[in-house]
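> Please model the complete structure; the sequences and the hints are all you need to start from.
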Amino acid sequence: MNENVKPPEAESDVVQLRKIGNSIGIILSKEMLARLGLAEGDRFTVVRQPDREVKLVPHGDVHARGMAFARRAFKDYADTFRELAK
156 MNENVKPPEA
166 ESDVVQLRKI
176 GNSIGIILSK
186 EMLARLGLAE
196 GDRFTVVRQP
206 DREVKLVPHG
216 DVHARGMAFA
226 RRAFKDYADT
236 FRELAK
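Residue numbers for the sequence shown follow my numbering, beginning at 156 and rising by one.
Calculated directly from the structure, the hints in this document are not laboratory data. Treat the hints loosely; a few may be bogus.
[Said to hold, decoys possible] Cut-off 35 Å, straight-line C-alpha distance, at most; resulting in silico cross-link-like pairs (DSBU-like, lysine-lysine):
1) Lys210 to Lys230
2) Lys241 to Lys210
3) Lys185 to Lys174
Written out as structure tokens, the structure reads:
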């Protein structure tokens with residue numbers, strides 16, 4: 156494996172939570188939307204990460220069905236997973 160290959164640098168922008176009616180939202184500039192290839196109405200799953208980080212994953216039916224399957228398996232086989240984790 157080539158050890159000289161560097162991972163792509165992550166881009167970051169600072170955004171702020173804003174009150175929008177009775178909700179709280181994140182405002183993204185047109186430039187940021189274009190850079191990310193996003194449009195109004197796109198849906199995301201919010202994934203909580205360690206240390207209060209948040210990851211937005213494009214929501215798709217395949218992903219949602221996979222997550223539902225995994226949750227059901229972890230619930231049905233909780234004892235087995237607990238033993239395997241030892």
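> Indicate, hint by hint, whether the structure satisfies it.
Evaluation of the provided hints:
1. Lys210 to Lys230: The given pair, whose Cα atoms are some 24 Å apart, holds under the 35 Å limit.
2. Lys241 to Lys210: Distance of about 29 Å is within 35 Å: holds.
3. Lys185 to Lys174: The given pair, whose Cα atoms are some 19 Å apart, holds under the 35 Å limit.
When held up to the earlier numbered hints, the structure conflicts with none and fits them all.
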